[in-house]
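Since the structure of chain A is already known, use the hints to place chains B and C on it.
Chains as they are written, first to last, in the numbering used here: chain A, 1 to 99; chain B, 1001 to 1284; chain C, 2001 to 2134.
Hint data in this document are derived by calculation from the structure and do not stem from the laboratory.
Since the model is a prediction, treat every value here as computed from it, not as a measurement.
Straight-line C-alpha distance at most 30 Å; calculated DSSO-like pairs for lysine-lysine:
(1) C:K2084 x B:K1161
(2) B:K1057 x C:K2084
(3) B:K1057 x B:K1161
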Amino acid sequence: MVAPTKYYIAEPADQLWVEPLDAITLIYQRRSGITHMVVEPVPEILTAMGVDAVTAAALVAKLSDQFDLGTDEDAEAVVTARLEELAELGLVHRTQCDA
Amino acid sequence: MHEFRVQVGPAAFRIGSRWRQPVEQLAALYADYPKPEIPDFTVRLDAPSLLRRFLRKSVAINGDFMLPDAVPLPFGQALLAAEMGMNLQMALGWRRHLLLHASAVEREGRALIMTGASGSGKSTLSALLGQRGWRFMGDEFVLLDLDSGAATPFPRMISLKNEAIAAMQVAAPAARFGPLMTATPKGDIMHMVPPVAAITRMAESAQPALLLFPSFGHLPAVREVAPGENFMRMTQASTNYVALGEAGFRAMTRFVKSVPARAIDYQTGDEAIALVERLWERLV
Amino acid sequence: MDNQNDNLPNNVTKLPTSRRALMLGAAAASAIVTVRPALAQTAGSVLNCQIPVPGPHGSGMNIDATGKLVTPDTAGSFTATGQKFTGEQVKKALAGGQLPGTTYDQSRAYVNYIRRLQAGQSGFTCYASLQMPR
Chain A
1 MVAPTKYYIA EPADQLWVEP LDAITLIYQR RSGITHMVVE PVPEILTAMG
51 VDAVTAAALV AKLSDQFDLG TDEDAEAVVT ARLEELAELG LVHRTQCDA
Chain B
1001 MHEFRVQVGP AAFRIGSRWR QPVEQLAALY ADYPKPEIPD FTVRLDAPSL
1051 LRRFLRKSVA INGDFMLPDA VPLPFGQALL AAEMGMNLQM ALGWRRHLLL
1101 HASAVEREGR ALIMTGASGS GKSTLSALLG QRGWRFMGDE FVLLDLDSGA
1151 ATPFPRMISL KNEAIAAMQV AAPAARFGPL MTATPKGDIM HMVPPVAAIT
1201 RMAESAQPAL LLFPSFGHLP AVREVAPGEN FMRMTQASTN YVALGEAGFR
1251 AMTRFVKSVP ARAIDYQTGD EAIALVERLW ERLV
Chain C
2001 MDNQNDNLPN NVTKLPTSRR ALMLGAAAAS AIVTVRPALA QTAGSVLNCQ
2051 IPVPGPHGSG MNIDATGKLV TPDTAGSFTA TGQKFTGEQV KKALAGGQLP
2101 GTTYDQSRAY VNYIRRLQAG QSGFTCYASL QMPR
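So that you can see chain A by itself, here it is in the shape it has in the complex:
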């Protein structure tokens, strides 16, 4: 049995107020009233996700179009970890497919 591919979709842009400062970016989540302070690559991930549901693999491909991701660690594993972290906080939602 193959596990279903995990898709992720970002919280709608009008629900998040994003305020880039210098080393950190602020994200205010209107639904919960909670402020998160985030660092690279989180803002870039959220921007690259746009409005569509994406898999971690597709997101890595999108990011490497725009950025040089280097070769230090497995990019997909890192992006998955960040997506899961964002999903725990409700900044991104897990979904089953890209319908």
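This is chains B and C only, laid out in the frame that chain A set:
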């Protein structure tokens, strides 16, 4: 029941106690302050038990807002209890401004704000600057207007601790002081009545123009604090940032993006004041 | 890199050929800190509090090195008599100091007990008021 009312900045307090002495002491210290009709907050200084009204008297702090685990103070520290009670109401209950744990002084309509943990010197520095031509706005809380970002004064009794007590008695020999309280949880404490201008102008706000993070006990130094670090530190220094939701986010973001911030180290009051004057001239 | 541009229609400008580096970081390294309600910096000015070790819920029990309540006959556990520590004393101990009247190991056990306090237990609010988020 003995009662006393006082207006401090935009907040109106009613302080009551079965004992007369603490209420009389408060009334004497706050004699020049306006007396409000309608209180925002009530603080009560109670005996924790009937026995403690008379024997080994101790003062429990009660009020509209309370925290569990609070422990009574000895009767001799009733003034400290009143101060903590008033602070607690603001910290937990004030929603009309973004509350910063900071001191502030004003010059030419602009505010210098100083923040840091206990012992950083923000309280003493604001008192010293208040004696050197700046208008004292407060030594514990700064209230930021949620729309305009202006700093509103909260000029309560200045709370001097340990070495600062002697330093201020020298710097402000004509000021009125409260009784010396020893062996409090924070060491020796003495209250000082703010300068007259601080009281008469307590409704006058000022636009924040410089934010300092003072640190006492190091060789004089200045370090820039970027908005990101500023935001992280200020959200820890605000008791109501989270509760204010969107308005809090807007106000704090505007603050860190528009107000230059520096961390300053110093070893004496004079050193600190010199750094302050130099930075004010350069950055404001 | 230049061959990416060879297949573009004539009226489309060439793609930039250099990308800036993006630090992905390590999978295990969190990239998000959430702002929590903060009382710690103000705590000394608003709350005179104490933490009993142990609180009434642990009366008569010992404390092991990890801070859990255990029966008094447990090997290696520390006796605790409900001694009350002030917020200031606990704050210093959390920063690496030692609780007054305790040995080094006893102090560490007591501090671990305090770290394990849950809402509703005596001393929890006092401990929470001392918390400075990372």
